Amino acid sequence: MKRKDILTLVILIVLTIVTGLFSKFYSELKMVNSVILFLSGIKFLLVAFQFMELKKAHIFWKIILTSYLVLFCGIIILMLR
Amino acid sequence: MNKLAINYKNIYYPPGGILLWIIIFLELITFGIALIFFVLSSKENPELFHTSRLQLNATFGMINTVFLLTSGFFMALTVKEFKIKNISKSKKYLLATMLFGILFLILKTIEYSGKLDAGLGVGHNSFFAYYWFLTLFHVIHVIVGLVILTTIYFGLKKEKLTTEVEDVEASAAFWHMCDLIWLLLFPTIYLIL
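From first to last, the protein sequence lines are chains A and V. Numbering-wise, my numbering puts 26 at position 22 of the first sequence, and it's gapless, one number per residue. Numbering-wise, my numbering puts 732 at position 81 of the second sequence, and it's gapless, one number per residue.
Read the hints as simulated data drawn from the structure, not as lab findings. Values in this document were obtained by computation on a predicted structure and should not be read as measured data. Hints are not guaranteed to be accurate.
To be verified - Quick list of simulated restraints, FRET-style, between CB atoms: (1) V:GLN706 / A:MET83: 19 to 25 Å; (2) A:ILE63 / V:LEU750: 32 to 38 Å; (3) A:LEU33 / V:ASN708: 48 to 54 Å; (4) A:LEU11 / V:LYS811: 33 to 39 Å; (5) A:PHE64 / V:ILE684: 37 to 43 Å; (6) V:TYR663 / A:VAL74: 49 to 55 Å; (7) V:GLY765 / A:ILE79: 27 to 33 Å; (8) V:ASN696 / A:LEU11: 39 to 45 Å; (9) A:LEU82 / V:ILE680: 17 to 23 Å; (10) A:ILE81 / V:PHE676: 18 to 24 Å.
Ideal Cβ placement from N, Cα and C applies to all residues, glycine included.
All chains, please: the whole structure from these sequences, using the hints.
Below you can see the structure in the form of structure tokens.
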């Protein structure tokens, strides 16, 4: 259990650094915003499912939180096009 | 302590409790709508938002993200240790959780004082109005979270333990909510171009 949490933290920190570096060095790429939001979305789900133990919850809560995230990121990406 | 195992698969008992999850969704929706309006405003005035964003310190934002994520990691461990009745370890992890929360607030204070010294207050332009309102609203949540965690810590310190597993889980869910909000705020305000 603890090992999974440590692994999750390492992945979260790596994704944070990758997101920061990507926004700094690839800012001219067209898809930069989508990549940043995608990586942040993965972090959001990792925190919710692993740290908040949403993975143990009823499927309703998993679907509703994931739907919220997809909707939020989708709207932002569409607006930035 | 509560001896009954909670059935999380029951739709009415998500980890942290259904009432707290309703609050979490209300908060996420509120911040989500505010961030959508922020992006809408940036489309109306792209140059102003671009130049203003360049005045933010993304490195501070990244370090603060790491602080909050590490704090969330220790919070998850606090709950796990509490569930197996290892109270002394649970207390240590809870202290680590609060320490990283305080580090987040210290760095945020340094960032805010830099902005104020540079004259980039709430009234500077619409970008900074959003920046201050959204990040300060989040900071208020972190402070409230720290107060909740402090009460849990003193509850755990009592010789006769009255803290229930639901109390620790609910406070953990609130604390993780601060992480979730920050994980949406940070890329949208600091990084997206």
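Violated constraints from the hint list, given by number and in increasing order: Hints 3, 5 and 6 are the ones this structure does not satisfy, whereas the remaining hints hold.
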